[in-house]
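If you want the building blocks of each chain, they are given just below.
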Amino acid sequence: MQWKLLSPKKIVLPNGKEVLEKRSIQPILWLIILVLLFFSIRITGFSLEVLVNRIQEFFVILQQMIPPNWDYLSKLWQPLFDTIKMSLFGSVAGAIVALPIAILAATNITKNKGIAMVSKFILSLLRTMPTLIVALIATFIFGLGTMAGTVAIFLFTIAYVGKLLYEQIENANMEAYEAMHSMGLTTIQAFRYAILPQILPNYLSTSLFCFEGNVRYASILGYVGAGGIGLLLNESLGWRSYENVGMILLMLVCTVFLIETTSEYFRKKLM
Amino acid sequence: MNAIEKQLQQQPNRRMSYIMTMIILSLLFIWSVTAIHFDNVSASGAKIAKNIFVGLLNPDWSLVVNVTTEGIPYLLIETMAIAFLGTIVGALLAIPLAFLSASNIVPKPIAFIVRFLLIIIRTIPAIVYGLMFIRVTGPGPFAGVLTMSLTSIGMLSKLYVDVIEDLDKSILESMEAIGCTLMEKIRFGIWPQLTALFSSIVIYRFDMNLRDATVLGLVGAGGIGAPLIFAMNSYKWSEVGAILLGLVVLILLVEYVSNRVRTKLVKG
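Heads up: the sequence lines are chains A and B, in that order. If you're matching positions, the first sequence starts at 4 in the numbering used here and goes up one per residue. If you're matching positions, the second sequence starts at 742 in the numbering used here and goes up one per residue.
No lab work stands behind these hints: they were computed from the structure. Glycine included, each C-beta is placed from N, C-alpha and C at the ideal position. One or more hints might be untrue.
No more than 30 Å apart at the CA atoms, straight line, and that leaves these computed lysine-lysine pairs for BS3-like [what the hints assert, rightly or not]:
(1) B/K977 with A/K12
(2) B/K1005 with A/K166
(3) A/K166 with A/K116
(4) B/K910 with A/K123
(5) A/K272 with B/K747
(6) B/K1008 with A/K25
(7) B/K899 with B/K910
(8) B/K788 with A/K271
(9) B/K788 with A/K13
(10) B/K1008 with A/K166
(11) B/K788 with B/K849
(12) A/K166 with A/K114
(13) A/K123 with A/K78
(14) B/K926 with B/K1008
(15) B/K926 with B/K910
(16) B/K899 with B/K1005
(17) A/K166 with A/K13
(18) A/K25 with B/K977
(19) B/K1008 with A/K116
(20) A/K13 with A/K25
(21) B/K899 with A/K271
(22) A/K272 with B/K849
(23) B/K788 with B/K977
(24) A/K12 with A/K25
Beta-carbon label-pair distances, calculated as ranges [what the hints assert, rightly or not]:
(25) B/L769 with A/K114: 32 to 40 Å
(26) A/E173 with B/V774: 53 to 61 Å
(27) B/Q750 with A/V121: 30 to 38 Å
(28) B/N792 with A/L207: 36 to 44 Å
(29) B/V998 with A/N174: 34 to 42 Å
Some chain A residues well away from chain B (every beta-carbon gap over 10 Å; in silico) [said to hold, decoys possible]:
(30) I31
(31) S43
(32) T47
(33) K78
(34) L255
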């Protein structure tokens, strides 16, 4: 990080030699950050005074959540399983579909530059669309329920796994692939026996990681009517029955913790 | 038997474990298929889908060039301001928490408790935080900033911890040997090791926050999310198209810049 317009500082050593010391651009960076901070504070109306004076209000809802309403637990199982099903199906299907798209997007396998460009563009377009918005659009098309949420998670998984996968394919060792190609194997066969074994552990680990994140995302998709536990969360928040909200959050934390620990164990084994 | 066949036979036979994994995975997958059903798809689904795509492809340009507070440029700047301030506040707050949960710095029990706390912070959906902060600040972008900061803390400190646990401690020992004070050790021994990776992490989180900022609109915590969802709920698809266009362009731009800066930071 060095700009040419900053002239380096000259230091004359005791023996008469001149040494150039590159100037740091840190002061300028800090200045830019401070200016941006100032404008952000102006635009968002950030005020420490309000925060300090009224922060106790933050804990009002938190206090109402404790103790959670344990009787509500029996109603939670079905939506919770719906949420897990949504993220599981979306992740598995998405990860499978991501593989061919990633192959199309990798420039070392797909020799046609146009196809690779288009696939990459589709992947980044899918990735920029916020999941919640995709879910909302999906509810208009597929109706309210788990189907819409599954579609949203499916699309997000394609984008996320696909991006990481094509980067791995592009970084894979091509020697075996080229050897197989010259022996007369087709592209698909050569990919299957030369590239796939190299990327498989990473592919599975990425998909597992994506699944972890999807469980978390799926829990809020219900807020726009896309099924799962978010539906109940929305309802309880609307009725201000915060002890129910507390119960839902407790269940979510436990589920996410469980899934995260399991998947972390498998991901460590894969690596 | 030639050498190749011998080598092949020496490989452990993993067929059983593969088959078991496949069976478990397929069972789970079949179980999850029940989430898929088409009975809710209304007959007009295809027609609505067509309307949506026509609208998305014909964005409302008057919104794009509108420079008042209703227009897309201002909304995007507001969203960026929320994400920026939220990331900075979260990044600062995450530093002490990260040090407290690094098992090479504090005793194991404390690290475990702080880690569990971080998991709880990460799991609670942003919407819930948004509602809690709206009680503090009233609706508006300020609540969005606070929500962003809190949701950033969870992931930032988790990534910080990985960096902290990789710290090169031999430098600290040699500094101790030549008689540096604690402040000098932190300033010249620890700080230079952390800054590049920490800034890379923070820039990455800013990228994510910009994406997540749309969620805040749902609860009235400012940003571009609220107009987007209003437009969707009133079926104004060309407005939705314009807002999404602005959002996608902004996110792609920020992603490009942040990727460039991050590669430079990490590779030096």
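Q) Which numbered hints turn out to be false for this structure? A) Of the numbered hints given earlier, those the structure breaks are 1, 4, 8, 9, 11, 13, 17, 18, 26, 27, 29, 31, 32, 34, listed in rising order.
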